[in-house]
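Residue numbers (the working numbering), protein chains in the order written: chain A, 1 to 95; chain B, 1 to 486; chain C, 1 to 392.
Derived from the structure by calculation, the hints contain no laboratory data. Do not rely on the hints blindly, as some may be mistaken.
Under the rule of at most 20 Å between Cα atoms (straight-line distance), these lysine to aspartate or glutamate pairs were calculated in the EDC-like manner [claimed, not checked]:
hint	chain 1	residue 1	chain 2	residue 2
1	B	Lys417	C	Glu82
2	B	Lys392	B	Asp247
3	B	Lys392	B	Glu456
4	C	Lys110	C	Asp385
5	B	Lys417	C	Glu53
6	B	Lys392	B	Asp288
The calculated label-pair distances, taken between Cβ atoms and stated as ranges, are [as the list claims (entries may be wrong)]:
hint	chain 1	residue 1	chain 2	residue 2	range
7	C	Arg22	B	Ser397	36 to 42 Å
8	C	Arg386	B	Asp298	51 to 57 Å
9	A	Glu91	C	Asp95	44 to 50 Å
10	B	Arg55	C	Glu93	34 to 40 Å
11	B	Arg71	A	Gly11	19 to 25 Å
12	A	Arg8	C	Arg292	51 to 57 Å
13	A	Thr93	C	Pro85	34 to 40 Å
Just a few of them, taken from the derived set where beta-carbon distance is under 7 Å, the chain B residues facing chain A [unchecked claim]:
hint	residue
14	Ala40
15	Phe54
16	Leu148
17	Leu153
18	Ala231
19	His233
20	Gly234
C-beta atoms are modelled at their ideal positions from N, C-alpha and C, and glycine is treated no differently.
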Amino acid sequence: MTGASPYRLVGARPEPEFEVRVDGRPVPVVPGQTVGAALHAAGVRTWRTTRFGGRRRGLFCGIGVCFDCLVTVNGVENLRACLTEARPGDEVTTS
Amino acid sequence: MTADAATYDLVVVGAGPAGLAAAGVAARAGLRVAVLDSGARVGGQYFRALPDGFRAARPWALHHGFSRFVRLRDGLDGADVLLNHRVWAAGPAPGGGFAVHCLAGREERAGTVTGARLLIATGAHDRVLPFPGWDLPGVMTAGGAQALLKGNLVVAGRRVVVAGTGPFLLPVATSLAAAGAKVAGVFEAGGRFALAPRALTRPGKAAEALAYGWGLARHRVPYKGGRAVVAAHGDGELTHVTVARVDAEWRPYRGGHETVECDVLAVGYGFTPQLDLAAQLGCAIGADAAGGPAVRVDRHMRTGVPGVYAAGETTGVGGADLAELEGLIAGRAVVADALGVPAGTGVGARPEPGTGFGPGIRSEARVGARLEARRRRLTGFARALLRAYPVKDGWTSWLRDDTLICRCEEVPYGRVKEARDLGAADARSIKLLARPGMGWCQGRICGEAVARLAGEEPGPPRRPVAQPVRLGDLAAMDERTSDDDS
Amino acid sequence: MPDVVVIGAGMVGAACAYYAAREGLSVTVVDRAAVAGGTTGSGEGNVLVSDKEPGPELDLAVLSCRLWTELASEAREAGGFEHEPKGGLVVAESDEVLRALTQLAGRQGKSGVVTRQVATAELAGYEPHLAPGFAGGVFYPQDAQVQPMLAAARLIRRWPRVALRTGTEVTGLLMERGRVTGVRTRDGDIPAGAVVNAGGVWGDRIAAFAGVELPIMPRRGFILVTEPLAPAYGASPAGPPAPLVRHKVYTAAYVTNVASDSEGLETSAVVEATRAGTVLIGASRERVGFDRTVSLPVLARLARQAVDLFPALADVRAIRAYCGFRPYCPDHLPVIGADPRVPGLYHACGHEGAGIGLAPVTGLLTARLLTGAEPEIDPAPFRPDRFAGTPG
């Protein structure tokens, strides 16, 4: 990334990050971010495989329309990662 | 089912510019108003706001017209704002008015909000077209990349290609570049200057376009017309795209291909209005200027169903300014209808903030007339834009037999062709034979492509269940009804 | 000039075309829309013997089940269509219902239906996720599931003697001296040796072109579809993970619903999983004309009955619902055969909710009658003029 950053652009002084665990691995989250955004920011761009072709999927529409980014959060299946605001201690599992 | 039912004078579905404007007008006129939105904050897609957790000193840096948003947000005046509420169905309520069934929070708590009147301001989502490799991780909609940035302060990629058609590509590219992404290029499948002559007829728009142009130049982002991303490549994730020079029908010229490296492709071919609720309610749906579906409204934004209004992208894609204006008109009509006076006259003596009309104007009728005139102007501009950036049939030449048309059910183009050969003469029977549109997204993503492959304009949706809803919650509605009966 | 014009490219029309062509006849299938665009594409794909009382319809169903198996295996080489002989499990809510169900199964057995008594303790072996508390049930191995849309399309394509004309709306029948000699369409006349009315729930309109009456009425049904589930769904009381639903499962109340003449809403959920991973929950029955307006109370009722059968479904989401219109006849029997009032006109419609299951046998009988061969089953109970004098 170049000198410009989104944080500098908006003058962000974010609150302390918290962690969620994605398949056991810690991922940092700024309060208010979605699970999908936190994963994407951590460099994780795929977290689901399709049920027929085993194709890898992550964020596509980003606004809850396409259902590509489904995850399991604390045992609740098929939540849209792009809509689901992360909470401290969330256990996210992928398929 | 929780007993959170409340009766409002107006229920607004969608807290974008249209919904906020309408809710504000109605609330300030003393009506009891509820605004529902699936998002965590008001603003909708256009004014998608950052979470407080970022403590941004300059939130406006990611927005065009942020002060208008602040005015809308702060003008809700006592309206109940129900965020994280996804509406899965809307219909007539047993005791009159309308019942809006929603799922709240990530626990998806089922509830029903009822109101005497209902405004559909559900906005639009990106319209996308399939091409080889479009389901590789790293390929996103332009709106999705924008949502990541505006709503989460995450830059979608390090090196980004922006492609598709329409003026929305420009703000996406400039904001990504301003936030630190290297934008390797903006590729507009239509002509590069399709917009220009029309923009000149609206000074505000011309200035906006100039600002984007300046932004692109400052970040040395090449903007090329007559170019389309016809394939995305990568081993498991996106690494590069093929950009082709295309003719006026979007068929690639032979040999006019280049490879552009990128880790994200942000692609969008305009917008598709979200009409599920309008269709459920039985509102008449007609064609917009480009032939796409849009709710039919009268000049006061009333749909054909008494008590149901629509504003914003649902009445035809036209952008945030028009959406806000339509919301204003709809809100005034709701107030007038609630008071039982002719629409456009009854809001009260005081001009509404945000109308652009000074306090000298005392006549509500004149305010109404000027709002209508302004809407005609903006609608004309919106129609011209839709016509300037149509989807051309040549995109089908980008497809290969193994290109997925339906991402959910993983239906490749070859199966769609086979269905056509077997006698599937329309989009619905293609769906029945080959399953595109039967999956999770219910055809929201592939519906446009399937309709076009069937040689049709996309029609109104038929989605009695607009959001996934637990059978247990549905079942509870039956028990509740039985109890009511006894 | 084709030997036969079949009106309607739904499952029944496709089967008529298939069997007529197999007998050597040339056939043109016309449809105002596309293949499988009507009730065929709005149902569940039920092939059931379990829900029928002994009698002429059950005789049709038993033969048709066998024909479906033949058709599916024949079509396999040409791409095939989904045909799952998964069997149906009918469960009884009480000992009293179980006795009635058991008696019914005994009588059905005399018509060639294979039945297997399932004791309470054995239910979990059939359906590990079934709710506890059922008194027992009967398993029907002949019950099957087909994907009728693709099946119809493939059957129409099976013989080169069959031509398909979609987007061709029939506006009248060609008549000569009281005899039907073809069809009139928006795209011109199609003379033919005979015309088969496979117009389904719109079959009465085709009959009306010939000046005869068929009392076919739409009986609406809603179906709920869930999100796709993993093939092995969670841990089950009976052992390792298993699909949430393995067979077609419904309560014995369904049989009385099917046979009911009521106009009012009746629901008795039939629950089953599909190959796509979804669970289908169908279907309600109500006579409300051709009204497509979504009825949430109906969807809620279906959901409750499904959850009553499989409590685990409570946490599964519905993602889709659709409705269709069954071609209902007052005596619940289809209309099959030559219309004695109008020579040259044959009917193959009015199957209510059994059109998919009964399509092959309807096609076979129609082909036999068209060629003058001896039909496998006496078609007299299905004759088109049987309604004369009954109030429509």
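Exercise. Does Glu456/B lie within 20 Å of Lys392/B when you go C-alpha to C-alpha?
Worked result: It holds: about 13 Å lies between the C-alpha atoms, which stays within 20 Å.
Exercise. Do the Cβ positions of Arg71/B and Gly11/A conform to the proposed distance bound of 19 to 25 Å?
Worked result: Since the Cβ atoms of Arg71/B and Gly11/A sit about 21 Å apart, the hinted range of 19 to 25 Å holds.
For this session: Would you settle whether the hint for Leu148/B is holds or violated, based on the nearest Cβ-Cβ distance to chain A being less than 7 Å?
Result: Check passed: Cβ of Leu148/B comes within 6 Å of chain A, closer than 7 Å.
Exercise. If you take the shortest Cβ to Cβ gap from Ala40/B to chain A, is it below 7 Å?
Worked result: 6 Å, holds
Exercise. With 7 Å as the cut and Cβ atoms as the points, is His233/B at the interface with chain A?
Worked result: 14 Å, violated
Problem set entry | Whether the CB-CB distance between Arg386/C and Asp298/B falls inside 51 to 57 Å | 52 Å, holds
For this session: Would you check the hint for Lys417/B and Glu82/C, treating anything up to 20 Å between C-alpha atoms as holding?
Result: Holds - the C-alpha atoms of Glu82/C and Lys417/B are around 19 Å apart, at most 20 Å.
Problem set entry | Interface hint outcome for Leu153/B [beta carbon to chain A under 7 Å] | Hint holds; Leu153/B Cβ to chain A Cβ min 5 Å, cut 7 Å.
Problem set entry | Agreement of Lys392/B and Asp247/B with the hint, judged by alpha carbon distance not exceeding 20 Å | 10 Å, holds
Problem set entry | 20 Å limit on alpha-carbon distance, applied to hinted pair Lys110/C and Asp385/C | 29 Å, violated
For this session: Starting from the range 36 to 42 Å, see whether the pair Arg22/C and Ser397/B falls in it by beta-carbon distance.
Result: 40 Å, holds
Exercise. Regarding Thr93/A and Pro85/C, is the given constraint of 34 to 40 Å on their beta-carbon distance met?
Worked result: 36 Å, holds
The structure does not agree with the numbered hints 4, 5, 10, 18, 19, 20 stated previously, though it agrees with the rest.
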